[in-house]
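Peer 1: As a plain string of letters, each chain reads:
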Amino acid sequence: MTKSKFQILNLKFVICYLFVICPLLFIVPGCAKAQENAKPVKRIVLWHWLADREEALKTLTRKYKDLTGVEVKCQLYAPSDAYAQKIMAAGQAKALPDIYGFLGEKRIFAAFIKAGHIADLTLYMGYNNGSWKKKLFEKALKVNEFLPENEYGVAPGIYGVPIDVMNIQMLYNKKLLKQAGLDPNNPPRNWHDFIAALEKLKQANIKGFVSGWGETWLIDCFAHNYAFNIMGEQKVIDTIKGKVPYNDPDWVSVFKLFDQLARKQLLVSGIATMGNKTAEQLFANEKCAFAFNGSWCVNVYKGMNPNLDYGVMLPPQASSKYPMVIWGGAGLSFMVNGRSKNKEEAIAFLRWLTERDQQVFLAQETMNLPSNRESLANIPAILTQFADDMNNITHPNLLPVQESPRALEALTKGIQAIIIGVKTPEQAAEDVQKVKVRMLKQEAASKQ
Amino acid sequence: MDYIKKTRYITFNYLFIFPAVAIFSLFYIYPFIKVIHLSLSQWDGIAFKPSAFVGLLNFKNILFNDTANWWASMGQAGYITLWALTFQNILALLLALACDRAIKAGAIYRFIFFIPPILSEVVVGLVWWWIYDGNWGLLNQWLTSAGFAHLAHNWLSPSLEEGSRLMVRMLPLTCIAIVHCWKGFGWAFIILLAGLQNIPRNLYEAAKVDGADAWEVFWRITFPIMMPVMILVVILTILGAMQGFVLILAMTNGGPYYYTEVPVTRILDSMRNGHFGFACAQSLIFGMILLILSFSQFKLSRKMQKA
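These protein sequences, in sequence, are chains A and B.
Counting with numbering that gives the first Met the number 0, you get residues 0 to 447 for the letters of the first sequence.
Counting with numbering that gives the first Met the number 0, you get residues 0 to 306 for the letters of the second sequence.
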């Protein structure tokens, strides 16, 4: 009798476990979330990946809470690679926060918009005769804008708010230039003088040029700067469209610049696999005279070597046919989740964040270029040098067409091959063209 | 009555395994089926549904259009695996044999040998990057101070000016393979040592009485008994080395050129570029290759064991 009672109790426990406790374990957290969502929310969540902006953003969110009573919960997820994956996964689970920084190509940006993950801000930007829009750098806004009849099929509009802007330029160490007998106040303006300066540095036993070319986007950026300079924007666009081959003499000329730098041994050793962080360390620690880096480096160098004396210049022109343009645009852009229940609060916060005072604070704390043009008067001197060239910027996202990732990979890997000497510029150009033709064929097949 | 009892008994048992089956189905079987489904589709990883069903197009593109890079990356992973199977496992076996004997401070050695596997792979990669660095790396400094300055290289991206085409091609990959072996030998060491310590000591004593020398003891006693453990180590080594990619990301990011790309970095690139369908097809092909490799290894070892 006792035994059977025990068995019944045991059975009851098992049934209770399977059908009550187990489901409750799944249901309870879900209910909690539902209750949380049901509350009248005065809290918005913000995700980003930039560790150097974290403290300044947190300070501003505290200030915003005091002003409005809306709590902005700032969450940092670094590094950028992991962050890019995180927002993709969160998008799939429809779990993106109210505001988030977006990282990726325009093609992926478009996919996010089409999936309803990003709200259209055009109307908000246009209020009050476009007062918000007018305050911001036009080209930084353009990076987040889709024009009518764009190739991605996205409804035209502005889909992001630039919080700061950036451009990528050439930097030079004044002390090292002086040591090599060069004039630190008159850095080289054209390619010929640049090579001559690097050779002089080499003779003085000073490493010439460093950049994080192990990260292929920086090679892509450098190569496209010179492509624009040598053949002009239209020809670059025609190449992407497949009308001009990559083995065109102008493209070979671009590849030859890398070959010249490498064969004359003017590049820092190991540049083909060097990450940008290492390149930044080498320049900050005065191991290299020239660097190719973005305006965010001001903050990085300040942290690594506060006494570093350096200047900013446009990459030296290789041709006088077309002007030298540089990559630039929005540094950090925030997007508003299209599904957010707190859309209005999120947009109000972003509007506040891009106002003059907040922008000056961000520029002074994080040493990044502000996206609000009115704040430029109050930024550090070195940032002003970057800001001076904001009119010369371009960006792949500003072009009407985008190159396929495989063709870009072939281009950047081909340049790495030139640097280590296993391919000639002509061979590398042929290889890129082969991949381009294959991609065009695949594109045509998938359209059929 | 018996039928009811039996049914109740079976139902009761199934109820017990239900949570485990449900979790297994949700987290293993469903994703596997989903990967197969996605590999037959075009999907950017963002839209809620794949944009188009493309049949075997992704597989065709991998096997016939993207052949050079894909199979080269496979070969490069194979090269690292070969290093791991030989140098890493031989070193692990030798150290395990040494630690199996009653040596002084054996526990300390075991601890030291097991340090590399427990270190973060990214940290190990970055530390070795500094050792190999061609500008101010420790290896070049040691070589120079030891009077071998002519051997100093830019180990992870040598240029043709520094040596032959073969050297430029193979040196970065070999450097990564060495780090992989350094990082991985501790696992093999622990597994092999556990296997060795399970061999009854009286077998060795009997062999000694019969006049067997050290080699005969190893070849006729240790090796046959250790065979299942070695099969396990070999299979784990193949799977670990073929799928390794963190060291590569930390040390070379797949460069220079495509010289240190492995299948996983190719899959990762496809995902980053928003070609999830293609990435799933790559994963399936890679998974099948690993399965075939492991299965053939297992079969071969069983045959050898029987022989």
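Simulated from the structure, these hints should not be mistaken for laboratory data.
One should not assume that every hint holds.
[Said to hold, decoys possible] Residues from chain B shown here face chain A by an in silico Cβ test under 7 Å; the list is partial:
id: 1; residue: Asp99
id: 2; residue: Gly133
id: 3; residue: Met166
id: 4; residue: Val167
id: 5; residue: Met169
id: 6; residue: Thr251
Every residue, glycine too, gets a C-beta built ideally from N, C-alpha and C.
Peer 1: A separate judgement is required for each hint: does it hold in the structure or not?
Peer 2: Hint check results:
no.	hint	result
1	Asp99	violated, 41 Å
2	Gly133	holds, 4 Å
3	Met166	violated, 11 Å
4	Val167	holds, 6 Å
5	Met169	violated, 12 Å
6	Thr251	holds, 4 Å
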